[in-house]
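J.: Residue-level listing of the chains:
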Amino acid sequence: MTTQSLIDRQSIIVLSLLAATAVLVPVLNTVAPPGSALHLSDYLVPLLGKYLCFALLALSVDLIWGFCGILSLGHGAFFALGGYAMGMYLMRQIGSRGVYADPILPDFMVFLNWRELPWFWHGFDWFPIAALMVIAAPGLLAFIFGWFAFRSRVTGVYLSIITQAMTFALMLAFFRNDMGFGGNNGLTDFKEILGFPIQSGSTRIVLFVLSTVALAAGYLLCKWIVNSKLGKVLVAVRDAESRTRFLGYRVEIYKLAVFTLSAMIAGVAGALYVPQVGIINPSEFAPANSIEVVIWVAVGGRGTLAGAILGALVVNAGKTWFTGALPEFWLFALGGLFVFVTLLMPRGILGGGTDLWAKVRRSRTRHAPGGLPYAAE
Amino acid sequence: MSEPITPTLLYLDNVTVSFDGFRALNALSLAIDHAEMRAIIGPNGAGKTTMMDVITGKTRPNQGTALFEGVHDLTVLDEAAIAELGIGRKFQTPTVFDMHNVEDNLLLALKGERGPFAALFSRRTTRERERIEALLERVRLSAHRYRKAGELSHGQKQWLEIGMLLAQEPKLLLVDEPAAGMTDQETADTADLLRDIAKTRAVVVVEHDMTFVRDLGVKVTCLHEGSVLAEGSLDAVSANERVIEVYLGR
Amino acid sequence: MIILRHLLAAFAVLIGMASSAFAGVYEDALPKFAADSYAETDAAISAVAGSGHPLSLKVVEAVRDGRLLVSSGQIIIREPSGNLISAVTGQAFGPTPSGLKPVRINNRVRRAIEAALGSLTLLSSDPAARLQAARAVFRSRDETALPNLETAITQETDANVKGALQIARAAVLLGASGTSTADRLKAVEALQARGDQDALALLSTLPVGVQPEVADAAGKAVESIRSRLAFWNALQNVWYGISLGSVLLLAAIGLAITFGTMGVINMAHGEMVMLGAYTTFVVQEAIRTYAPELFGISLFLSLPLAFVVAGAVGILIERTVIRFLYGRPLETLLATWGLSLILQQTVRTIFGPTNREVGTPAWMSGALEIGGLSLTYNRIAIVIFAFAAFATLLLVMRYTSLGLYMRAVTQNRRMAGSMGIRTNRIDALAFGLGSGVAGIAGVALSQIDNVSPNLGQSYIIDSFMVVVFGGVGNLWGTLVGAMTLGIANKFLEPYAGAVLGKIVLLVAIILFIQRRPRGLFALRGRAVEA
Chain W
1 MTTQSLIDRQ SIIVLSLLAA TAVLVPVLNT VAPPGSALHL SDYLVPLLGK YLCFALLALS
61 VDLIWGFCGI LSLGHGAFFA LGGYAMGMYL MRQIGSRGVY ADPILPDFMV FLNWRELPWF
121 WHGFDWFPIA ALMVIAAPGL LAFIFGWFAF RSRVTGVYLS IITQAMTFAL MLAFFRNDMG
181 FGGNNGLTDF KEILGFPIQS GSTRIVLFVL STVALAAGYL LCKWIVNSKL GKVLVAVRDA
241 ESRTRFLGYR VEIYKLAVFT LSAMIAGVAG ALYVPQVGII NPSEFAPANS IEVVIWVAVG
301 GRGTLAGAIL GALVVNAGKT WFTGALPEFW LFALGGLFVF VTLLMPRGIL GGGTDLWAKV
361 RRSRTRHAPG GLPYAAE
Chain Y
1 MSEPITPTLL YLDNVTVSFD GFRALNALSL AIDHAEMRAI IGPNGAGKTT MMDVITGKTR
61 PNQGTALFEG VHDLTVLDEA AIAELGIGRK FQTPTVFDMH NVEDNLLLAL KGERGPFAAL
121 FSRRTTRERE RIEALLERVR LSAHRYRKAG ELSHGQKQWL EIGMLLAQEP KLLLVDEPAA
181 GMTDQETADT ADLLRDIAKT RAVVVVEHDM TFVRDLGVKV TCLHEGSVLA EGSLDAVSAN
241 ERVIEVYLGR
Chain F
1 MIILRHLLAA FAVLIGMASS AFAGVYEDAL PKFAADSYAE TDAAISAVAG SGHPLSLKVV
61 EAVRDGRLLV SSGQIIIREP SGNLISAVTG QAFGPTPSGL KPVRINNRVR RAIEAALGSL
121 TLLSSDPAAR LQAARAVFRS RDETALPNLE TAITQETDAN VKGALQIARA AVLLGASGTS
181 TADRLKAVEA LQARGDQDAL ALLSTLPVGV QPEVADAAGK AVESIRSRLA FWNALQNVWY
241 GISLGSVLLL AAIGLAITFG TMGVINMAHG EMVMLGAYTT FVVQEAIRTY APELFGISLF
301 LSLPLAFVVA GAVGILIERT VIRFLYGRPL ETLLATWGLS LILQQTVRTI FGPTNREVGT
361 PAWMSGALEI GGLSLTYNRI AIVIFAFAAF ATLLLVMRYT SLGLYMRAVT QNRRMAGSMG
421 IRTNRIDALA FGLGSGVAGI AGVALSQIDN VSPNLGQSYI IDSFMVVVFG GVGNLWGTLV
481 GAMTLGIANK FLEPYAGAVL GKIVLLVAII LFIQRRPRGL FALRGRAVEA
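Residue numbers (my numbering), protein chains in the order written: chain W, 1 to 377; chain Y, 1 to 250; chain F, 1 to 530.
Hints may be right or wrong, so weigh each one.
Computed list of lysine to aspartate or glutamate pairs in DMTMM-like fashion (alpha-carbon distance at most 25 Å, straight line) [stated by the list, open to error]:
#  : chain 1 : residue 1 : chain 2 : residue 2
1  : Y       : Lys58     : W       : Asp355
2  : Y       : Lys148    : W       : Asp239
3  : F       : Lys502    : W       : Asp178
4  : Y       : Lys148    : W       : Asp178
5  : Y       : Lys111    : W       : Asp355
6  : Y       : Lys111    : W       : Glu252
7  : W       : Lys359    : Y       : Glu151
8  : Y       : Lys111    : W       : Asp239
9  : Y       : Lys171    : W       : Glu241
10 : W       : Lys359    : Y       : Asp98
11 : Y       : Lys148    : W       : Asp355
12 : Y       : Lys58     : W       : Glu241
Hints in this document: simulated from the structure, not taken from any laboratory. Values in this document were obtained by computation on a predicted structure and should not be read as measured data.
The task is simple: from the sequences and hints, build the whole structure.
T.: Right, here's the structure in full:
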């Protein structure tokens, strides 16, 4: 890759598809008359929005796994933290419309006989603070965790296992009522966001469009990083960590930087997810969720960015279909997917496609007289 | 910077490394001068790789002194800091970035800022382009500049790795078995290249191939059981009774 | 007033003892039952109990069971058979009188009944009943029981019962108002020797106006009992810790083989445990249907079967999936996670999503009491079993050719291969061994955990923590890791609660791994470096 341009063919395809989605979905939902074949029913808008949030989450995992070789089995934790930050804002917006009509305390706190708001809930009624925490909370956790892990050179499966233990520990913690995050039930019954009713069709469309924008921005950010020299160092770390170290790069700092950034992206995904599904609870921290994200990336094609998006959309669409049509078979299908992809399709849909394309092209150039075989790569 | 304790470039004194009681290095002492080339020989387990690990900061010695340029204490610095001081290392099995092309391999190795933010905003300068050009020329990979390093032959990878070392502009190169797996011609070319490099900087070569060592024509140190058994010209060392006994064979 | 009355009653009993035919106390007490007043009933019970009258036990029992009836001043006992007898004479009562009303009781009366029964059964011929009675008196501290106690102590032959009687006497004496200083001090001494929670409670709530020397002695005794209890409490915690550690050990030793020595990350390891537990369930179902008399040995029958089932599934997994992924640990992790989902769903489809009932053989229920410790038999069995499994595995690894080959393949695959070891087969067998051990762990865990399709998932993170904490590639490390984590967990629980304790431990392990990435007993040196 000699050009460092952000706008290569893949970017153009991804961005124009996202732009088309951002326009078409609202149009089909609002303009097309209900009952017509083109009409997109109301429940599909937040569902598709949810997929886009998952795609952003997958993107964040691809950034560290695909390009830096860090297999995080705890990225669901960062997603959930972003979600909780948003959920806390939404809880505060309920105000006195809750069941217990307390102007300050959310219902679950009244239920637990709490007298005042815990210190960490302060400021969440103000959107800018909440928005900051959406990024800062997962970022800080990732920074602290990564600072310990990467500095002591925990790598490979060990790292994967302790990331899993991290999200597991957080899940147990958030299940506790006295943590102050609603325990088992989490945060729900939201009323409005920034003054707009959260259930209304137009709010949902705005949230959907915001999700596409966030995904596009996340994609461009990741693309910028992987195309820069920083991205080349990340790949170098992935492929030959000690070589990179002996060249004078502080591998741990690179890992820490990209791990933290990735956690922040995951946090944003979680924050957009919560208002669209209307709830956040501790099961989002479940280790199984995080590992499922990894398989989205693997299906689409690890280390391709666009593949992560594709994989998240394909697998989640499949999940929706299965849980509707053949609920008992979804886990068989998902389990089989894990085995199939790792065994037979290690480069995923996009990687496999690229390989095939390269093979075709190479066989063509071989016949072309005077062609420079590798110059175009 | 304080006054150098020793005038030599690399100074190891009484360095001991033990793994669970096994002494990989046993009070090893060694000094390398500026722009000196030294060949290290010795049987397997003599401590050659461990010595390189100590110099490059991968392994911390249990005791002993390791100084670079007489002032930098190598026993407290990490790999990256030592690399930035100007010590480059080539591994026994060629280790290059397989998924990057040859040019990017060299680009990553070029001396320069090593921080992530610098990397994120860096643009390739004309000077860098020229350096890469010259390096490609020197390690004879100009024709393969856009090929992925993983596609190169074994010998080409060895040369690419040496090129990457040069790109770091180190003062000291540690080269572990550069001739392993090479054809005779490639071995001779590698010896030429190393001799050429040694004109401007210090080179330490670990090698088993005695013909190659003879080609280099430099001072030889023979290690055995973690300490220096003999040191001197190749002829002198290979005449040493103990060296013959433990390493060369009768 | 009540105390005075009790004393009178006690006096009466003493007289009664001396001249066994002194009548009147019993007969005088009976009409009080008709007064329909709790206080009167209470007094009547004490008096009856102290009267030494042959019918007194029957009367008190009748009050307890609501079978003591009153009808226009007559006191009538309805025997459990339904016959009515006169409480005065013990003779059968004629026609059923109208307006029969049972004597009512409340909690205070219930306590009096308990005390009275205790004192009445002190002289029973059954040693178990006497022990029971002594304990009842100890709890009630009823002064009226004192005469009966004294008599019982002089007659008692069973050392165990005698001890209990003496403690009961000490408890009564300590609380009674008229006791001399010397007697009280003796009582304090006796209670200190007993040294349990009850004695502690007694000693720390002395009656008002007690002599200062007694208060002093009691204070010291409380100190001594507290420290003794703390010691037993610590021991009990250690035992709980060992017990939890054994569970962790069972879950982790199979993993120590597949992950520790083969380097294969098997996320479906927990499902092997689950398969073992379900095998136990199936075996027990079969036994219930075809040979109920074998139920006592159902676990022993399950062990080899669970080993074979889980081992076979393990070998199947190794042959069909894992062998294509050697050297790619992250991919192995993902693929085996997928397999774990499939196994869970398979079991869910066959056996349903709810918990299945796995029975506990009779010999595993109950508890062993040692000093202040209470060790339940099923936990003891699991601890013994865990250590036995560990020892067996250690021997297999050290002394069998399979163990030798496994270690050879682990250390240098190519060399082992060129020496004629069929590395493929060793891989499969080693994986089968690790999975089989997980299967037999499932048999043990079926005794203490819910047998559901999710059984395995709850163990997988813990097992990995144990193996990683102990140091990969070292079975002893796994043992130490399991025990350390088990005991640490149980010592944290009282301070932090179960969930928070677990979180604290997880965080601690995460930090520990980051300080020592290769665990407690790490292999060091060149062999480690890849």
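J.: Hint by hint, say whether it matches the structure.
T.: Going through the hints against the structure:
With a C-alpha separation of about 37 Å, the suggested pairing of Lys58 (chain Y) with Asp355 (chain W) is violated against the 25 Å cut-off. Only pairs whose Cα atoms come within 25 Å are accepted, and Lys148 (chain Y) paired with Asp239 (chain W) is accepted, the gap being roughly 13 Å. Restraint check for Lys502 (chain F) and Asp178 (chain W): satisfied, since their Cα atoms lie roughly 16 Å apart, inside the 25 Å limit. For the given pair, Lys148 (chain Y) sits about 55 Å from Asp178 (chain W) by alpha-carbon distance, which is inconsistent with the 25 Å threshold.
In summary, the hint linking Lys111 (chain Y) to Asp355 (chain W) is not supported, as the alpha carbons are separated by about 34 Å, beyond the 25 Å threshold. Annotation: proposed proximity of Lys111 (chain Y) to Glu252 (chain W) holds, straight-line Cα distance about 19 Å (limit 25 Å). Restraint check: the Cα-Cα separation between Lys359 (chain W) and Glu151 (chain Y) comes to about 15 Å, which is no more than 25 Å; the hinted pair holds. Using a Cα cut-off of 25 Å, the hinted pair Lys111 (chain Y) and Asp239 (chain W) holds, with the two alpha carbons roughly 21 Å apart.
Between Lys171 (chain Y) and Glu241 (chain W) the CA atoms are separated by roughly 23 Å; this keeps the pair inside 25 Å, and the hint holds. For the given pair, Lys359 (chain W) sits about 19 Å from Asp98 (chain Y) by alpha-carbon distance, which is consistent with the 25 Å threshold. Note on Lys148 (chain Y) and Asp355 (chain W): the hinted pairing holds, with a Cα-Cα distance of about 14 Å set against a maximum of 25 Å. Between Lys58 (chain Y) and Glu241 (chain W) the alpha-carbon distance is near 13 Å, which keeps this suggested pair within the 25 Å criterion.
The structure shown violates the earlier hints numbered 1, 4, 5.
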